[in-house]
Amino acid sequence: RGGGANGGGGGGKMAPSLTVSRRMSAQSVAIDGEMVRVSGNGLALVGCSIEQDASYWEWQIERTGGGGSADDGDDDDEANAPKFGVATKKDQKFYRALQAAEIDDNEMSGDDGTALMRSVSVRDGDTVGVAVQQSDLPMIQFLLNGEPLHDIAINRFRGAVFPAIYVREGIKAEAVF
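Per my numbering, the very first residue in the sequence shown carries number 36; after that it's consecutive.
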């Protein structure tokens with residue numbers, strides 16, 4: 036598979052781990068013991084920012100039931116589709132503020148952490164690829180089972196970003212770097 040999110044290796048230094056960060060992920064997201072599989076409902080970030088010019092990773096999807104499904108004929112149900120892409124660094128203070136805004140039924144200035152993410156309707160066994168380019172024109176591209184999804188590409192973003200997924204009930208996703 037393509038270059039990972041950190042490029043890793045060499046020089047005797049321990050490279051940051053390419054695993055999902057409990058600290059930067061919502062409490063409502065379950066993370067497996069190997070820290071690469073997520074389920075539940077909420078935002079999950081990998082604990083290593085993207086630092087090289089080009090990065091690629093995949094999310095392998097397993098449907099476990101519940102939630103919306105591309106299999107049930109409702110392909111356009113973006114409200115229940117998982118989101119893929121990148122996010123800026125998050126901490127538990129962010130998630131507490133988000134939860135408080137939801138309880139108060141307020142909009143948290145529209146920032147749920149998914150501005151640099153896109154919904155993709157998935158089926159059991161699908162693979163969603165995310166390619167990030169940070170050279171002259173920063174861009175995020177998405178692939179579903181190897182086929183480019185040109186209409187949802189994101190152009191022009193700034194700052195440190197982390198591989199991320201907004202997982203939904205009924206879906207397990209495994210990160211492959």
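These are calculated hints, taken from the structure and not from any lab test.
Everything numeric in this text was worked out from a predicted model, so none of it was measured.
Careful, some of the hints might be misleading.
Below, a list of computed lysine to aspartate or glutamate pairs in the EDC-like style, where the Cα atoms sit at most 16 Å apart [claimed, not checked]:
(1) Lys-124 - Glu-97
(2) Lys-125 - Asp-146
(3) Lys-207 - Glu-69
(4) Lys-125 - Asp-147
(5) Lys-128 - Glu-209
(6) Lys-207 - Glu-86
(7) Lys-124 - Asp-147
(8) Lys-124 - Asp-146
(9) Lys-128 - Glu-97
Restraint check for Lys-128 with Glu-209, where alpha carbons must lie at most 16 Å apart: Given pair Lys-128, Glu-209 is violated - Cα atoms ~26 Å apart, limit 16 Å.
Given the proposed pairing of Lys-124 with Asp-147, does the C-alpha separation stay at or below 16 Å? holds (12 Å)
Is Lys-125 within 16 Å of Asp-147, Cα to Cα? holds (10 Å)
For a C-alpha distance cap of 16 Å, please report whether Lys-207 and Glu-86 respect it. Violated. Lys-207 to Glu-86 sits at ~27 Å, over the 16 Å cutoff.
Between Lys-125 and Asp-146, does the CA-CA distance stay at or below 16 Å? holds (11 Å)
Given the proposed pairing of Lys-124 with Asp-146, does the C-alpha separation stay at or below 16 Å? Measuring from Cα to Cα gives roughly 13 Å; hence the hint holds.
When you check the alpha-carbon spacing of Lys-124 and Glu-97, does it fall within 16 Å? Outside the cut-off at roughly 26 Å; violated.
Lys-128 paired with Glu-97 [C-alpha distance capped at 16 Å]: violated (30 Å)
Can the restraint linking Lys-207 and Glu-69 be considered satisfied, given a maximum Cα separation of 16 Å? holds (14 Å)
The earlier numbered hints that this structure contradicts are 1, 5, 6, 9.
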